[in-house]
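Protein chains: 2
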Amino acid sequence: MAGSKSWAERVLQLLNRMNSFHMQGSSKPLCKKFVVEGQEVGVVQPRLIPLLSRYPEVFQVSDGDGGQVELSRRLSNYQQRSDAIEQILGEWRSEKLFDCLGKWRNEKYNVMSRFSDPSLLKMERSAIGLFGVKSYGVHVNGFVRHGDGRMSMWIGRRTQNKETYPGRLDNLVAGGLAAGLGVKETLIKECEEEACIPEAIASTAKPTGTISYTYEDEWGVFPEGQFIYDLELTADFVPQVGDGEVLEFYLWPLEQVKELIAGSEFKPNCAMVAMDFLIRHGILDPDNELCYHQLVEGLHREM
Amino acid sequence: MAGSKSWAERVLQLLNRMNSFHMQGSSKPLCKKFVVEGQEVGVVQPRLIPLLSRYPEVFQVSDGDGGQVELSRRLSNYQQRSDAIEQILGEWRSEKLFDCLGKWRNEKYNVMSRFSDPSLLKMERSAIGLFGVKSYGVHVNGFVRHGDGRMSMWIGRRTQNKETYPGRLDNLVAGGLAAGLGVKETLIKECEEEACIPEAIASTAKPTGTISYTYEDEWGVFPEGQFIYDLELTADFVPQVGDGEVLEFYLWPLEQVKELIAGSEFKPNCAMVAMDFLIRHGILDPDNELCYHQLVEGLHREM
Chain S
113 MAGSKSWAER
123 VLQLLNRMNS
133 FHMQGSSKPL
143 CKKFVVEGQE
153 VGVVQPRLIP
163 LLSRYPEVFQ
173 VSDGDGGQVE
183 LSRRLSNYQQ
193 RSDAIEQILG
203 EWRSEKLFDC
213 LGKWRNEKYN
223 VMSRFSDPSL
233 LKMERSAIGL
243 FGVKSYGVHV
253 NGFVRHGDGR
263 MSMWIGRRTQ
273 NKETYPGRLD
283 NLVAGGLAAG
293 LGVKETLIKE
303 CEEEACIPEA
313 IASTAKPTGT
323 ISYTYEDEWG
333 VFPEGQFIYD
343 LELTADFVPQ
353 VGDGEVLEFY
363 LWPLEQVKEL
373 IAGSEFKPNC
383 AMVAMDFLIR
393 HGILDPDNEL
403 CYHQLVEGLH
413 REM
Chain U
113 MAGSKSWAER
123 VLQLLNRMNS
133 FHMQGSSKPL
143 CKKFVVEGQE
153 VGVVQPRLIP
163 LLSRYPEVFQ
173 VSDGDGGQVE
183 LSRRLSNYQQ
193 RSDAIEQILG
203 EWRSEKLFDC
213 LGKWRNEKYN
223 VMSRFSDPSL
233 LKMERSAIGL
243 FGVKSYGVHV
253 NGFVRHGDGR
263 MSMWIGRRTQ
273 NKETYPGRLD
283 NLVAGGLAAG
293 LGVKETLIKE
303 CEEEACIPEA
313 IASTAKPTGT
323 ISYTYEDEWG
333 VFPEGQFIYD
343 LELTADFVPQ
353 VGDGEVLEFY
363 LWPLEQVKEL
373 IAGSEFKPNC
383 AMVAMDFLIR
393 HGILDPDNEL
403 CYHQLVEGLH
413 REM
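In the order they appear, the protein sequences are chains S and U.
Here our numbering is used: the first residue of the first sequence is 113, the next is one more, and so on.
Here our numbering is used: the first residue of the second sequence is 113, the next is one more, and so on.
These are computed hints drawn from the structure, not numbers from a lab.
A couple of the hints might just be wrong.
With a straight-line Cα cutoff of 16 Å, these simulated EDC-like cross-link-like pairs (lysine to aspartate or glutamate) come out [as the list claims (entries may be wrong)]:
hint : chain 1 : residue 1 : chain 2 : residue 2
1    : S       : K318      : U       : D399
2    : S       : K318      : U       : E336
3    : S       : K318      : U       : D397
4    : S       : K296      : U       : E336
5    : U       : K296      : S       : E152
6    : U       : K318      : S       : E401
7    : S       : K296      : U       : D399
8    : U       : K379      : U       : E409
None of the values given here were measured: they were computed from a predicted structure.
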């Protein structure tokens, strides 16, 4: 019974779900590395191997222990690699081979081994789970410090027409890092679009770390890294619904946010972002939360 | 040449050294789990296996893929298990089998699978690396906020007669969690002993997370987890040298602390604690530090 589980047990369950690729029973031991120009940029699940083998001019599949799927070296630059993948994804989309491609976003993500590396190609966002490509985003914890030292946090509710997690709770502002935009630049753009926060305020947001996790679902493998910023707002500032991604905003005491994190109302990675805030701001007590170490480690699994 | 490396490259080197057990070339693939009462509480390096096999009444060594070293189930309670290990360690100490036991501390650490689990036995602190047993500590970042928004951090220098890392830089206060004491309780005790910080001030320290890492050296395998607290001090408070573990204290701007982290003056895990502070307080910028994600992940490797 969910009701009988402690707060920490419920949060550990969430962290395990968000790290399902690292757990026993995942496809991890059977996956092949996805390699571009000698660099490991993703993972390919076994179900994709027969399909990829049909494109020997693009994918070179090798077997055995060090088995991998390598993008052909004859595709010798960013544009050639991006075009080759784009064409194949277009075919799969027309043939309706994968449900995920039905959610085609017309938004490109950079593909590289580490965030600090030059991009090797760009790939349609809805397809990255098929190649286990890492994606990055930026999340903003908006908070207000009250006179008595207590804090409240701004929480958004996603509209019902969001493709993922409609109606769920979200951080004040969040967005994926598309090819070509910086982290702070994306933050400022999303603050304006999603919550009508002017640049003069958004630019005061402070970077405070990252969370990282890898989950696997019926659509693929998703290693994700989020850059976390804290944005302190004055008590009289009220974010406004902007581009229709958010239904409304709530200003809630941290105790309430803490309870909600362990429930099912939050979009899961947004619950992790809010939990990171609670930990950093001393709301969780190591002497009372006996799983404190696991809670922190679960927010920072290597991608 | 060290001088030609960037700040981030030097810090990543530090993180890799502190996670050496997870790196290629470590003894990790050859180690056996150390199991007590069915729970994995540590790891045993191959060099120890022949020796442990000489005590079949205490250690049951099994071979093969799932090979492990299990503490005999006939040792059925905390006291029996602690006594059996203590006796063997005493023999090894007399026979001068291991250098680490020459540094006998007469301080006991609890042995358990996770910090939240009940302790299964206690073990002399200087021996835990032989069994790859996890140990925990608490570290305090002492800082001062100046009128202009800038911050400085209190840094201690270890005395020359410390057994480990004499003369190196340290956090304001740090200490291991010995069997039977809570985290905050240990913090308050160490604040008083090491830096003459009265309880009324020490108790305002706020928990802000953890760091975790596992290194391997000639003495053994060391999975360590540190609870991190931030203690804001007023500009007029000056910590005083207490029990002689610290030579002197310095109040340094965060920019200076940042530079020192990438050098060799800091005790390595204290550099990690200070870096966690810099990250949480927005001193590192994701758009400038391209390895930002790796820096954060390197502070939080699963033990």
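Can the restraint linking K296 of chain U and E152 of chain S be considered satisfied, given a maximum Cα separation of 16 Å?
43 Å, violated
Decide if the proposed pair is consistent with the structure: K318 of chain S and D397 of chain U, CA atoms, cutoff 16 Å inclusive.
It holds: about 9 Å lies between the C-alpha atoms, which stays within 16 Å.
Is it true that the CA of K296 of chain S sits at most 16 Å from the CA of E336 of chain U?
34 Å, violated
Regarding the pair K379 of chain U and E409 of chain U, is the alpha-carbon distance no greater than 16 Å?
Answer violated: K379 of chain U to E409 of chain U is near 20 Å, above 16 Å.
Would you check the hint for K318 of chain S and D399 of chain U, treating anything up to 16 Å between C-alpha atoms as holding?
It holds: about 12 Å lies between the C-alpha atoms, which stays within 16 Å.
Going straight from one Cα to the other, do K296 of chain S and D399 of chain U come out at no more than 16 Å?
7 Å, holds
Is the hinted pair K318 of chain S and E336 of chain U satisfied, with a Cα-Cα distance of at most 16 Å?
29 Å, violated
Would you mind confirming whether the straight-line C-alpha gap from K318 of chain U to E401 of chain S stays at or under 16 Å?
14 Å, holds
In summary, the structure is inconsistent with hints 2, 4, 5 and 8 from the numbered list given earlier, while agreeing with the others.
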